[in-house]
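Engineer: Order-wise, the sequence lines are chains A and B. If you use this note's numbering, the first sequence corresponds to residues 1 to 298, in order. If you use this note's numbering, the second sequence corresponds to residues 1 to 313, in order.
In case anyone wonders, no lab produced these hints; they're calculated from the structure. Keep in mind the model is a prediction, meaning the values are calculated, not measured. One should not assume that every hint holds.
To be verified - One side of the interface only, derived from the structure: several residues of chain B facing chain A at Cβ under 8 Å:
| id | residue |
| --- | --- |
| 1 | ALA21 |
| 2 | SER40 |
| 3 | PHE121 |
| 4 | ALA150 |
| 5 | LEU151 |
| 6 | ASN154 |
| 7 | GLN246 |
Ideal Cβ placement from N, Cα and C applies to all residues, glycine included.
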Amino acid sequence: MTAATAAASAAKAEVAPVGDRGRGWRRKLAYALLIAYALLMFVPFAWTVITSFKTLPDSVRLTIIPEPFTTAAWEYAFTNLTPSVVVLFANSLFLATVVTLTNLVLGSLAGYAFARLRFPGREIMFLLVLATLMIPDQLRLVPVYILFNGIGLTRGLGEYVAVILVLAVSATSIFLMRQYFLTIPRDLEEAARIDGAGFFTTFWRVMLPLATPALAAVTILQFQGTWNGFFWPVVFLKETSHLTLPVGLTFFRLSGGFGTNWPPLMATVVIATVPILILYLFFQRYFVEGIAASGVKG
Amino acid sequence: MTGVAAAKPAARINARKEALAGYSLIIVPMIFFLVLQIGSLLLAAFISVWDWHVVRGPVEFVALDNFARMFSDPIFHQAARNTVYYALVWVPLTMAVGLSLAVVVNQKIRGQTFFRAAFYFPAIASSAAITTLWLFLVSDQGLFNDLRGALGLNPIFQFLGFGPNHDWIGDYRTALNAIIVLNVWTTSGTFMLFYLASLQSISNEVYEAAAIDGATAWKAFRHITFPLLRPGHFFVATVGLIGALQLFDQSYIAGGASGAPANALMTIVLYLYNALFIQILPGYAAAVGIALFVIILGGTLIQRRIFGSTPAW
Chain A
1 MTAATAAASA
11 AKAEVAPVGD
21 RGRGWRRKLA
31 YALLIAYALL
41 MFVPFAWTVI
51 TSFKTLPDSV
61 RLTIIPEPFT
71 TAAWEYAFTN
81 LTPSVVVLFA
91 NSLFLATVVT
101 LTNLVLGSLA
111 GYAFARLRFP
121 GREIMFLLVL
131 ATLMIPDQLR
141 LVPVYILFNG
151 IGLTRGLGEY
161 VAVILVLAVS
171 ATSIFLMRQY
181 FLTIPRDLEE
191 AARIDGAGFF
201 TTFWRVMLPL
211 ATPALAAVTI
221 LQFQGTWNGF
231 FWPVVFLKET
241 SHLTLPVGLT
251 FFRLSGGFGT
261 NWPPLMATVV
271 IATVPILILY
281 LFFQRYFVEG
291 IAASGVKG
Chain B
1 MTGVAAAKPA
11 ARINARKEAL
21 AGYSLIIVPM
31 IFFLVLQIGS
41 LLLAAFISVW
51 DWHVVRGPVE
61 FVALDNFARM
71 FSDPIFHQAA
81 RNTVYYALVW
91 VPLTMAVGLS
101 LAVVVNQKIR
111 GQTFFRAAFY
121 FPAIASSAAI
131 TTLWLFLVSD
141 QGLFNDLRGA
151 LGLNPIFQFL
161 GFGPNHDWIG
171 DYRTALNAII
181 VLNVWTTSGT
191 FMLFYLASLQ
201 SISNEVYEAA
211 AIDGATAWKA
221 FRHITFPLLR
231 PGHFFVATVG
241 LIGALQLFDQ
251 SYIAGGASGA
261 PANALMTIVL
271 YLYNALFIQI
281 LPGYAAAVGI
291 ALFVIILGGT
301 LIQRRIFGST
311 PAW
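The following block holds chain A by itself, in its conformation from the complex:
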């Protein structure tokens, strides 16, 4: 505190060499705090990885190097868990891929129509789409469940269909695509139209290729959102062989008898997180832009 005030008053005195020294000292302290805080972001994940290579008695000890080092927890996760993490991984990948694709197709089609085509009722329908962002997702739980239960989507493979339908197109996807299409100059489109291209050809050949950054943002946002998603999967996926990684992880801990068997649980946490981590490392820009642009994440 006194150091900070001293540095501040020294800074005011401008020419005093003490000021420079004070500032340097403060700068170092600031960096030390920043690095310490950044470490705080990573330590829990590092601890997860370390624990996954420990034995159960060793997992509750404050040691950084597993003693003994063992891959038993990983073998357990792959061979002894029911359902196996391989099944969970496949389910997560399947749902995330399908939901991403439906959002790309439906989002870009509707986004293009809302941005570029003139038709009666366009503004009111776009407002309606945006207004759904205000409806809390969980308010839809009872009606959607009753509806889907009535048409057989809460049993067997219908469980997957239910999750896909409820996530098939989000207002965010339409919004991101529309905003991007609005930034593309009209000249390009008109040139295509003069050459005799119809609306669909113009969309497919001219507009869509130009919208790659928006398509990438929707892909990242939807893939990550669905891969990590919890609410709708836990509502609809009741057969254990249908569970995704997040729901399966919770199932193991709550009812699968793995309450405090931490090493295999931590191995599963790593498996659930690594695909998104890889996406983040490669496409960090889109994560940040998508979040900043949409501003809608529960």
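Use these hints to put chain B onto chain A, whose structure you have.
Structural biologist: Just chain B, lined up with the frame of chain A:
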């Protein structure tokens, strides 16, 4: 003259073609929105005034009985208290941390991109993965208890009434606060990004003028940055509040649908889930959903009062 007259029907045909193309592009997404969003909202209101059977549908019209039941249900009261407490503590805390991080990484510092990416990092993991890892860290024999022991902090915790092997989420007195800390940690990076977007809209000239007037960094923050960020505060507070009132994942992942331990983690949405899948009372669950909607609407309106008129975003 004749040229214009001839062009008119052609233009009309073109306009009709364009409208047709427009409708055919939006019809599938609009069906989704009309049935699964708007329609389900109306259906929820309808179900809430019935004694509804999951398979057989409406059994008996009960008017507002489901709502009356909710108001006299002690577990719903607990859920509402927990949810409001969570929102009142978590939103300001996460805003404060997020704003601090944003102000720091907005400075000309070395490794700016790295720090931004690092602070956002916990937000990329799934709620299930991060909550499970948190349950491990703050369990009775977890890293947190080990570290405070190793650092010699146990006398302080002892003084506050927590033993050396306190189970932070297992004990109903600390469970919700442990979830708050978890979610501040995971979400402050997201709030940082929101605030950064807002900070970058403040022009540098304002700060230069302040520096000439001899304002210290703190004074510049207190009297320039903070007030000018009002649209940012409003946005972050609204998004945060709506998210907070929908707390579900962490509660369910930690204690299942019963809100264990001892209803400490029971939230409104968890109770909604509980009413549908454990009590199997769709009509009652729908009423809880309507109550959630009203609470969220009320909360955002109060917030609008606090932050003044709607900013342009």
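Engineer: All hints, please: hold or fail.
Structural biologist: Here's how the hints hold up against the structure:
1. ALA21: holds (4 Å)
2. SER40: holds (4 Å)
3. PHE121: Where the cut-off is 8 Å and the nearest Cβ of chain A is about 5 Å from PHE121(B), the hint holds.
4. ALA150: At about 6 Å, which falls below the 8 Å cut-off, the nearest Cβ of chain A leaves the hint on ALA150(B) intact, so it holds.
5. LEU151: The hint is violated - LEU151(B) has no Cβ within 8 Å of chain A, the shortest such distance being about 11 Å.
6. ASN154: violated (14 Å)
7. GLN246: holds (6 Å)
Going down the numbered hints, you'll see the structure goes against 5, 6, while the others check out.
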